[in-house]
Structure formats: C-alpha cells, structure tokens
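We have chain A; now place chain B onto it with these hints.
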Amino acid sequence: MFNRENTASPGRVRWQDEAALMLLGFAVLVVLPFVVSDSYSRHILIMAFIYAIVASNWDLSLGYGGVFNFGHLALFGIGVYAYGLLTKFLELDPWLALAASGVVSTLAAILVTLPILRLKGIYIILVTFGFAQLVMQLVLSQSDITGGTQGMVRIESLYIPGHNLIRDQKFGYFYIALGILALSTIFLRVLVRSKIGASIIALRDNEEYAVSRGISLARQRVITLAASAFFTGVAGAFYAAYQRNASVDVFGMSLSTIILSMVLLGGTSTIYGAIVASFVLTIFSESMADFGAWRPIITAVLIIAVMLVYPSGLSGAAQTIFRSLGRLRANETDNRPDATEPRTSR
Amino acid sequence: MDAAAQIFAGGLFQGSLYAVMAVGLALIWTTIGVFNFAHGVLMMLGAYVAWQLTEFGLPFFAVLPLSVLLMAGFGWALQATVVRPLIGRPNIVLVVVITTLAAASLVENGALQIWGPRSKQLPALGDGNTMIFGVGISLHQLTIILITPFVLLGLWLFLHKTRLGLALRAVAQNEDASLLVGLNVRALYGLAFAISAGLAALAGIFLGGYRFMSPVMGADPLLKALIVVVFGGLSSITGPIFAAYLIGFFEAICSYYFGLYWTPALLFAVLIVTLMIRPQGMFSSKTRGLA
Numbered sequence: 001m002f003n004r005e006n007t008a009s010p011g012r013v014r015w016q017d018e019a020a021l022m023l024l025g026f027a028v029l030v031v032l033p034f035v036v037s038d039s040y041s042r043h044i045l046i047m048a049f050i051y052a053i054v055a056s057n058w059d060l061s062l063g064y065g066g067v068f069n070f071g072h073l074a075l076f077g078i079g080v081y082a083y084g085l086l087t088k089f090l091e092l093d094p095w096l097a098l099a100a101s102g103v104v105s106t107l108a109a110i111l112v113t114l115p116i117l118r119l120k121g122i123y124i125i126l127v128t129f130g131f132a133q134l135v136m137q138l139v140l141s142q143s144d145i146t147g148g149t150q151g152m153v154r155i156e157s158l159y160i161p162g163h164n165l166i167r168d169q170k171f172g173y174f175y176i177a178l179g180i181l182a183l184s185t186i187f188l189r190v191l192v193r194s195k196i197g198a199s200i201i202a203l204r205d206n207e208e209y210a211v212s213r214g215i216s217l218a219r220q221r222v223i224t225l226a227a228s229a230f231f232t233g234v235a236g237a238f239y240a241a242y243q244r245n246a247s248v249d250v251f252g253m254s255l256s257t258i259i260l261s262m263v264l265l266g267g268t269s270t271i272y273g274a275i276v277a278s279f280v281l282t283i284f285s286e287s288m289a290d291f292g293a294w295r296p297i298i299t300a301v302l303i304i305a306v307m308l309v310y311p312s313g314l315s316g317a318a319q320t321i322f323r324s325l326g327r328l329r330a331n332e333t334d335n336r337p338d339a340t341e342p343r344t345s346r
Numbered sequence: 347m348d349a350a351a352q353i354f355a356g357g358l359f360q361g362s363l364y365a366v367m368a369v370g371l372a373l374i375w376t377t378i379g380v381f382n383f384a385h386g387v388l389m390m391l392g393a394y395v396a397w398q399l400t401e402f403g404l405p406f407f408a409v410l411p412l413s414v415l416l417m418a419g420f421g422w423a424l425q426a427t428v429v430r431p432l433i434g435r436p437n438i439v440l441v442v443v444i445t446t447l448a449a450a451s452l453v454e455n456g457a458l459q460i461w462g463p464r465s466k467q468l469p470a471l472g473d474g475n476t477m478i479f480g481v482g483i484s485l486h487q488l489t490i491i492l493i494t495p496f497v498l499l500g501l502w503l504f505l506h507k508t509r510l511g512l513a514l515r516a517v518a519q520n521e522d523a524s525l526l527v528g529l530n531v532r533a534l535y536g537l538a539f540a541i542s543a544g545l546a547a548l549a550g551i552f553l554g555g556y557r558f559m560s561p562v563m564g565a566d567p568l569l570k571a572l573i574v575v576v577f578g579g580l581s582s583i584t585g586p587i588f589a590a591y592l593i594g595f596f597e598a599i600c601s602y603y604f605g606l607y608w609t610p611a612l613l614f615a616v617l618i619v620t621l622m623i624r625p626q627g628m629f630s631s632k633t634r635g636l637a
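Listed in order, the protein sequences are those of chains A and B. If you read the first sequence in my numbering, its first letter stands for residue 1, the second for the next number, and so on. If you read the second sequence in my numbering, its first letter stands for residue 347, the second for the next number, and so on.
Pulled out of the complex, with its shape left as it was, chain A reads as follows (with noise of 0.2 Å):
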C-alpha cells in the first residue's frame, strides 16, 4: 500500500547510528536558544515543537497503522481541555495534569478505536472525522464547564520552583516544549523499531498473512491508536499550559489539514519526515506572515504542488535526489544526461 522504500523495517539501520545522529540533532536544537534570544522566535520555534509532537504521533497511526484516524486532533484537543478542566476544577498540579490528559487522550483513543476495530479506508476516515466532530460539539454544548464557544482562559500555567516562567523570554518553555519532543521521538522510534511495530506493519502491508501469523489485528489497532495519543495529549495539555487558555479551535479542519499536510509532506512511515515537515512549515508559514490572507491560499497551492510532484512526500524527494546524485556520480563517465534527471521510483 505504502512505498516499500520509506518504511524503516526494523534492523535497517543500526539503532547505535540512529541514536547518534538523534543525539546529534537534538544537541543542535538545545543550543537554539543561545543564538535565538528574542521571545518571538522562541515562540515559532515552541510552537514547532509542539506541531512536531502531534504530526510524529499521527505518522505512528496513519502512516505504519495505516489506520486513516482523522480524529487525531481531537486527540490533541481532548489534551488541551482535560488539562485546562484538571488544574481548574480537581486543582491538580499541573505537572501531575500534564501527565494526567495524556492519560485521558489515551482513553479516549481506546473509545475511538473500539467502532473502527471491523471498519476498512474510507470508513475509519469518516468515524474518525465524526468523533472529532461529536467532541467538539460536547465541548460546546457543555459551556458551564468548558466555556463553550468563549473558551477557557487563565489556565494554570507550568511552573519550576525558583524560576520564573513568564520573564525568561521564553527560555523555560522552550526546554520543557523540546523535552516532550525528545521523549516522543525516542518512544515512538523504539516503538516503531519493536517486534510490536513489526506487527503493526505486517498488519499493514499485508493484513492476511499477518493474521494467519497470529497478529492479532485488534488489539494491534488499540495499541497503535493508544499509544499515538499518550505524546499527542500531553502536547495538547502542554499547549493548553503554554498559551493559558482553550478553545474549539483545536478541532476545527484547518489545524487538521495543516497538520495533516506535515505528516504527508514529511513522508509517511519515518517518523523523522513528519517532524522536519513541521520545522518547515511552521517556519515558512512564518516567513509569509506579510502576505496575511493569501497565506493559507499558497499553503494550500504548495500543499497540492508536492503531493502532485512527490506523493510519498518530502522524504521521497530526498530519496530521489539522493539517489540522481548518486548515479550522477556514477555516470560522469559516459555522458547520458537523461540517466541523471530526477524521477519518482514508480
């Protein structure tokens, strides 16, 4: 179903390698905010992470599940209330809350899972899409407790005992953001790297031959969509602390399309792709601030651009530009410039 090249069966690359070169760009992003002092663009670089979280977690669903799980911003919602409703209303700490709405989200993924277990494509897109939708309309209709349309506001924010969050530039949050990122990738990669994500491939690429292998394919398909909402809440509930307020905004499609649009943009099935796709386009989506309403028009033209040109996304690109300058190499001998142009694998 999926371009047999950007899955990352396990045992591909060395996990040594790979947890090296990890290393190696975290370090990269722990030093960021020595070279980026103003709080503006530690804000773009926080928000980054926190798109990163959900993108990377959907990947985990959407493109090694190959469960079509449209709900996975209701996920990231049902995170942003639960620690908003948590902190105000059982005036939990928010560090335990925190913990507590990825908890929730998994749950909740748990009860979005058991409708879709004997549902195929298309089918899971609209449950998925429906109980995205049937949240946001108890969120609204429950406006005693979750302010309805108005929102939350003064949400309890995180705290560090003897430091102060709010005068640091964004210093704090940064760290705590990139925190979660690196704890996310790390589970996600040796999730993905298990003999339970080889199931959860098997389970994709070739549903029968698992089965007969004695994959169970529903408790894998509850496994897959609880374990992509345990990261996903806990963004939600980090955005919620972050931003200190709440709304139904979380749910509506165009955060969806646009976080959507990094996973695909990213590649499906390497985790990496998703979460370098949310650098790119939260930063270019930035970058374009000045063009306001002709903003989401060229995201959208761009979006469809990519997909058109590479459909397995920004890591395919990659790939393939890889490989055309490895055969470049090779063919500098015999002179054959059509050998060299680019071109998708299929």
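It is worth saying that the hints were derived from the structure and are not from the lab. Mixed in with the good hints there might be a few duds.
To be verified - Which chain A residues stay away from chain B? Per the calculated CB distances, all over 10 Å, these:
1. 15
2. 41
3. 99
4. 245
5. 264
6. 320
As the list claims (entries may be wrong) - Derived DEER-like restraints, expressed as beta-carbon distance ranges:
7. A:287 with B:423: 26 to 32 Å
8. A:298 with B:558: 25 to 31 Å
9. B:508 with A:287: 48 to 54 Å
10. B:460 with A:168: 41 to 47 Å
11. A:117 with B:508: 37 to 43 Å
12. A:99 with B:624: 36 to 42 Å
13. A:91 with B:464: 41 to 47 Å
14. B:508 with A:194: 53 to 59 Å
15. A:205 with B:478: 57 to 63 Å
16. B:616 with A:148: 21 to 27 Å
17. A:142 with B:482: 30 to 36 Å
18. B:608 with A:186: 39 to 45 Å
19. B:485 with A:154: 46 to 52 Å
20. A:148 with B:405: 30 to 36 Å
Stated by the list, open to error - Footprint (simulated), chain A over chain B, 3 or more residues, beta carbon under 8 Å:
21. 425–436
22. 439–447
23. 455–465
24. 608–614
Note that CB positions come from ideal geometry on N, CA and C, so glycine has one too.
Then chain B, alone, in the frame of chain A:
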C-alpha cells in the same frame, strides 16, 4: 398533530438538501473510489457564482442553470488538477483526501478574498409563505421539496436509461473491464466530478436562498452529507437518498424534542452504532457499484 406536521415538513426539507449533497459525494466515491472533501466548498462556490450572476442583472431562471453548468465545469477542472494525476498511485485514497482538503482551503480563502466576509443572500425560489395541512412553510422550502425528487429521478434515469449513464456504472463496477471494452475512463471520471459539482451548486443555491451565505457555509452541509453517505452506504445512489430523508427526519425529531445542541451528538452516536453493526451502511450490499 401540529408538532408532527411541523417535524414532517422540516424533515422533508432537510432531507431534500442532504439528498442533493450526498448523491454527488456518493457518485464520486462509487466511480473513482475517492472522497471529495472539497464538496462543501463546491456548494459554497455555486451559491456565490449564482449571487454574482444575479448581481450582473441576469434573471434568476437563467442564473440557476448557468451557475450549475459553470460549477460543473469547475468540478471537471478540479478533478483534472487534484485527482486525475494521482489515479493509479498506491495510496491514492489518503493523498486525495489531502489534495481535496487543500483545494477546499484554497477555494474557501479565494472566495473570502473575492467576495469578502460579509453575508449575502440569494433571491428565494418562491416568495412568501403558504399553509399546507395547517403547517406554515415558505414557498422557497416548498419549491425545494418539490424540485428535489425530480432532480434525483433525473439522475437515476440518466444512470439507468442512457448509454453514458451505463458507462459510468460500468466504470464504478469494474474499471479494468471498462478500459478493455474501450470506455474513456478518464473522461468518465471528469463527468462524475462535473455532475457532482453541478449538484453541489444546486444545493448551494437552495441553501443560499434560505440562509445567509458565507465562505464557510459549506462545512456543515458537507459533514451532514458525510453522515448520510455513511449511514446509507456508499455503494449506490438510492441508498444515500433514502438515508438523506431518514437523517432529515431524525434531525427534525431530535431538534424538536431534545433541542439543537444535542442533535449533532445524537446523530454521531447513531452513525457510530450503525457502522458497528453494519459497516457497509444500512441500504447497501458489500460491493462497490452504482445501482
């Protein structure tokens, strides 16, 4: 008695709107096997095109067919740009979702740029109100209730009694065999999109004469149409039609007894239960194909 008649009229009206929307969605799904998330904005654009044409001073009886035709052309163009190049790709269902979503965002923001955020309204299909069986109903709504069955019947006749309709159904049933007998499958895909977009435009004109128009007016009807096609099953044209009226009545009953707030939640609950019991929809067999 009064309540029952009220619910009946409301259900019939909503059902008609949903039927026109949902049939277009189902047509694309059955022939091409993709879901068009831009269907809602096609409806919105149809209403705006009609509004623009009336602003030019055209009489309304000319505006209606003209905007439906223009939108059919737009639907064909949409298909040619964001769907056709992807046909044959292994993950087409997913990629088409994102390209049609992006196209929807493009059209929606484009409409916002061209026509601005201020609400507009189309002239109604009929002025004034009338009383039927003791229920007050606007002539506009009554006209829609009366026109819709003819539109749907026309579509059914086209699909079942003409050669072109037969070809469309053939593509829906078996694409490879259709290619083998020499059908122009690409042109038929374009035709399916054009018909679908024309129907969406019609629904937009229906809605625009009754509610205020805005660039986001297509979102809610699209959602309802999604529910209808899931409920009715995607494999036929008749299934969604029955489902549209059923959902229309269900909604009318719910909003009468439980209030507007709870209606969407109840609707989704019904949807999810339906899918758990009958994943292929209420009125359909498991095969894909227009029947």
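Going down the list of hints, with the structure as the test:
1. 15: Non-interface label stands for residue 15 of chain A: nearest chain B Cβ at 28 Å, farther than 10 Å.
2. 41: holds (26 Å)
3. 99: holds (29 Å)
4. 245: holds (22 Å)
5. 264: violated (5 Å)
6. 320: holds (15 Å)
7. A:287 with B:423: 26 to 32 Å: For residue 287 of chain A and residue 423 of chain B the Cβ distance comes to about 30 Å; the hint holds.
8. A:298 with B:558: 25 to 31 Å: Taking Cβ atoms as reference, residue 298 of chain A and residue 558 of chain B lie about 29 Å apart, which means the hint holds.
9. B:508 with A:287: 48 to 54 Å: holds (53 Å)
10. B:460 with A:168: 41 to 47 Å: Taking Cβ atoms as reference, residue 460 of chain B and residue 168 of chain A lie about 45 Å apart, which means the hint holds.
11. A:117 with B:508: 37 to 43 Å: holds (42 Å)
12. A:99 with B:624: 36 to 42 Å: holds (39 Å)
13. A:91 with B:464: 41 to 47 Å: holds (45 Å)
14. B:508 with A:194: 53 to 59 Å: Given range 53 to 59 Å: holds, Cβ gap about 57 Å.
15. A:205 with B:478: 57 to 63 Å: holds (59 Å)
16. B:616 with A:148: 21 to 27 Å: holds (24 Å)
17. A:142 with B:482: 30 to 36 Å: holds (34 Å)
18. B:608 with A:186: 39 to 45 Å: Given range 39 to 45 Å: holds, Cβ gap about 43 Å.
19. B:485 with A:154: 46 to 52 Å: holds (50 Å)
20. A:148 with B:405: 30 to 36 Å: violated (44 Å)
21. 425–436: The restraint on the segment 425–436 of chain B holds, since 6 of its residues have a Cβ under 8 Å from chain A and three suffice.
22. 439–447: holds (count 7)
23. 455–465: holds (count 4)
24. 608–614: holds (count 4)
Checked against the numbered hints given earlier, this structure breaks hints 5, 20; the rest are met.
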